[in-house]
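**Q** As a plain string of letters, each chain reads:
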Amino acid sequence: MNLASLLSKDRINLSLDAGKKDEVIKDLVYAIKKGAEAELIVSTLLKREELGSTGIGKGIAIPHCRSLAVEKLEIAVGRTKKPVNFNAIDKKPVSLLFLIIAPPQDPGNQYLITLGKVVQIAKEITKKNLIQKPETPEDFITMINDIEKGLAKRK
Amino acid sequence: MPDIVEMHLKLLFDLDNLISDMEDESYKKIGFQIEEAASDALINKRNQLLRQLPRELGEIYEILKKRYRQAIAPVESEFCLGCFQKLPTQLAAQSQNILTCPNCGRILYWRPKN
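For the record, the sequence lines run as chains X and G.
Following the numbering used here from start to finish, the first sequence increments by one per residue and tops out at 155.
Following the numbering used here from start to finish, the second sequence increments by one per residue and tops out at 114.
Chain X with its partners taken away, still in its complex shape:
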């Protein structure tokens, strides 16, 4: 599974204005869906956040859920202009978010595989201090591609 191939330039926003957790989530969801479907996804994601923050620490969060509203695995990426309080595991605010929404029917278990991969890549981003490095969505995809190549070489 190659994460870079699942990313799309028009779903990467590196200058999100939103300043609150629920606003950031909403902005990212609306990059994928609109209207009632988007509201369903937002409700499910916020319920997921109530179970425990998806802020994995060091400035990165990975909000995720399955939803009837999507036909295939969808990913949106956002970087906030100012760090946002996400009640993350290390209590530090979040700047970079990977939003992952999967359909309920997922025979290849692509959802959990992708989630695991994103966590792995997020750890590389923090380790190498790359959150603020990409200037454009294209740069971001290139960065993810490079990280994936690096991880593959280590195997």
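Hint data in this document are derived by calculation from the structure and do not stem from the laboratory.
Backbone N, C-alpha and C fix where the C-beta goes; we use that ideal spot for every residue, glycine too.
Some hints here could point you the wrong way.
[To be verified] If you anchor each label on the Cβ, the simulated ranges turn out as follows:
| # | chain 1 | residue 1 | chain 2 | residue 2 | range |
| --- | --- | --- | --- | --- | --- |
| 1 | G | 5 | X | 136 | 38 to 48 Å |
| 2 | G | 41 | X | 35 | 25 to 35 Å |
| 3 | G | 19 | X | 30 | 21 to 31 Å |
| 4 | X | 5 | G | 63 | 39 to 49 Å |
| 5 | G | 84 | X | 92 | 41 to 51 Å |
| 6 | G | 19 | X | 132 | 13 to 23 Å |
| 7 | X | 154 | G | 31 | 40 to 50 Å |
| 8 | X | 23 | G | 34 | 19 to 29 Å |
| 9 | X | 130 | G | 62 | 39 to 49 Å |
| 10 | G | 90 | X | 136 | 43 to 53 Å |
[Stated by the list, open to error] Among the chain X residues that face chain G by a calculated CB cut under 7 Å, a handful are:
| # | residue |
| --- | --- |
| 11 | 51 |
| 12 | 68 |
| 13 | 89 |
| 14 | 105 |
| 15 | 119 |
[Stated by the list, open to error] Under the rule of at most 25 Å between Cα atoms (straight-line distance), these lysine to any residue pairs were calculated in the SDA-like manner:
| # | chain 1 | residue 1 | chain 2 | residue 2 |
| --- | --- | --- | --- | --- |
| 16 | G | 66 | G | 76 |
| 17 | G | 29 | X | 150 |
| 18 | X | 153 | G | 29 |
| 19 | X | 26 | G | 8 |
| 20 | X | 155 | X | 141 |
| 21 | X | 34 | G | 4 |
| 22 | X | 47 | G | 22 |
| 23 | X | 127 | X | 83 |
| 24 | X | 81 | X | 155 |
| 25 | X | 47 | G | 66 |
| 26 | X | 72 | G | 87 |
| 27 | X | 72 | G | 24 |
| 28 | G | 65 | X | 110 |
| 29 | X | 72 | G | 38 |
| 30 | X | 26 | G | 32 |
| 31 | G | 65 | X | 105 |
| 32 | G | 66 | X | 106 |
| 33 | X | 72 | G | 105 |
| 34 | X | 123 | G | 27 |
| 35 | X | 117 | G | 20 |
| 36 | G | 65 | X | 37 |
| 37 | G | 113 | X | 83 |
| 38 | X | 72 | X | 32 |
| 39 | X | 72 | G | 36 |
| 40 | X | 91 | G | 28 |
Starting from the known structure of chain X, arrange chain G on it as the hints suggest.
**A** Quick look at chain G alone, frame taken from chain X:
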């Protein structure tokens, strides 16, 4: 089906999938934090949504959930994605309502066209 009922049904389904994922060992291994008290609150919320559905629909939902784990199946290209059987054309034409699959009985869901 009134919009509010449809909204409750869809959210109930999404929350059931969320609860199911939380219990999945592969999910747990990824390492996201889950607070037990919040997990109980989520189950209460799904039960509350279930009670808000018309009684018959709620009962059908629970029977289907026990039978298949997922009570609702999306429809794609006139196929039920629960049992992968083609739906009768006249049923597909009624896509404004939520209906059940004549083959597997799952509640069918037509996503709105974007």
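**Q** Please go over all the hints and tell whether each is borne out by the structure.
**A** Status of each hint after checking the structure:
{"no.": "1", "hint": "G:5 - X:136: 38 to 48 Å", "in the structure": "holds, 45 Å"}
{"no.": "2", "hint": "G:41 - X:35: 25 to 35 Å", "in the structure": "holds, 28 Å"}
{"no.": "3", "hint": "G:19 - X:30: 21 to 31 Å", "in the structure": "holds, 26 Å"}
{"no.": "4", "hint": "X:5 - G:63: 39 to 49 Å", "in the structure": "holds, 40 Å"}
{"no.": "5", "hint": "G:84 - X:92: 41 to 51 Å", "in the structure": "holds, 46 Å"}
{"no.": "6", "hint": "G:19 - X:132: 13 to 23 Å", "in the structure": "violated, 37 Å"}
{"no.": "7", "hint": "X:154 - G:31: 40 to 50 Å", "in the structure": "violated, 19 Å"}
{"no.": "8", "hint": "X:23 - G:34: 19 to 29 Å", "in the structure": "holds, 24 Å"}
{"no.": "9", "hint": "X:130 - G:62: 39 to 49 Å", "in the structure": "holds, 47 Å"}
{"no.": "10", "hint": "G:90 - X:136: 43 to 53 Å", "in the structure": "holds, 50 Å"}
{"no.": "11", "hint": "51", "in the structure": "holds, 5 Å"}
{"no.": "12", "hint": "68", "in the structure": "holds, 5 Å"}
{"no.": "13", "hint": "89", "in the structure": "holds, 6 Å"}
{"no.": "14", "hint": "105", "in the structure": "holds, 5 Å"}
{"no.": "15", "hint": "119", "in the structure": "holds, 6 Å"}
{"no.": "16", "hint": "G:66 - G:76", "in the structure": "holds, 24 Å"}
{"no.": "17", "hint": "G:29 - X:150", "in the structure": "holds, 23 Å"}
{"no.": "18", "hint": "X:153 - G:29", "in the structure": "holds, 23 Å"}
{"no.": "19", "hint": "X:26 - G:8", "in the structure": "holds, 19 Å"}
{"no.": "20", "hint": "X:155 - X:141", "in the structure": "holds, 22 Å"}
{"no.": "21", "hint": "X:34 - G:4", "in the structure": "holds, 18 Å"}
{"no.": "22", "hint": "X:47 - G:22", "in the structure": "holds, 12 Å"}
{"no.": "23", "hint": "X:127 - X:83", "in the structure": "holds, 18 Å"}
{"no.": "24", "hint": "X:81 - X:155", "in the structure": "violated, 35 Å"}
{"no.": "25", "hint": "X:47 - G:66", "in the structure": "holds, 23 Å"}
{"no.": "26", "hint": "X:72 - G:87", "in the structure": "holds, 21 Å"}
{"no.": "27", "hint": "X:72 - G:24", "in the structure": "holds, 20 Å"}
{"no.": "28", "hint": "G:65 - X:110", "in the structure": "holds, 22 Å"}
{"no.": "29", "hint": "X:72 - G:38", "in the structure": "violated, 28 Å"}
{"no.": "30", "hint": "X:26 - G:32", "in the structure": "holds, 21 Å"}
{"no.": "31", "hint": "G:65 - X:105", "in the structure": "holds, 14 Å"}
{"no.": "32", "hint": "G:66 - X:106", "in the structure": "holds, 19 Å"}
{"no.": "33", "hint": "X:72 - G:105", "in the structure": "holds, 23 Å"}
{"no.": "34", "hint": "X:123 - G:27", "in the structure": "holds, 17 Å"}
{"no.": "35", "hint": "X:117 - G:20", "in the structure": "holds, 21 Å"}
{"no.": "36", "hint": "G:65 - X:37", "in the structure": "holds, 22 Å"}
{"no.": "37", "hint": "G:113 - X:83", "in the structure": "violated, 35 Å"}
{"no.": "38", "hint": "X:72 - X:32", "in the structure": "holds, 11 Å"}
{"no.": "39", "hint": "X:72 - G:36", "in the structure": "violated, 30 Å"}
{"no.": "40", "hint": "X:91 - G:28", "in the structure": "holds, 21 Å"}
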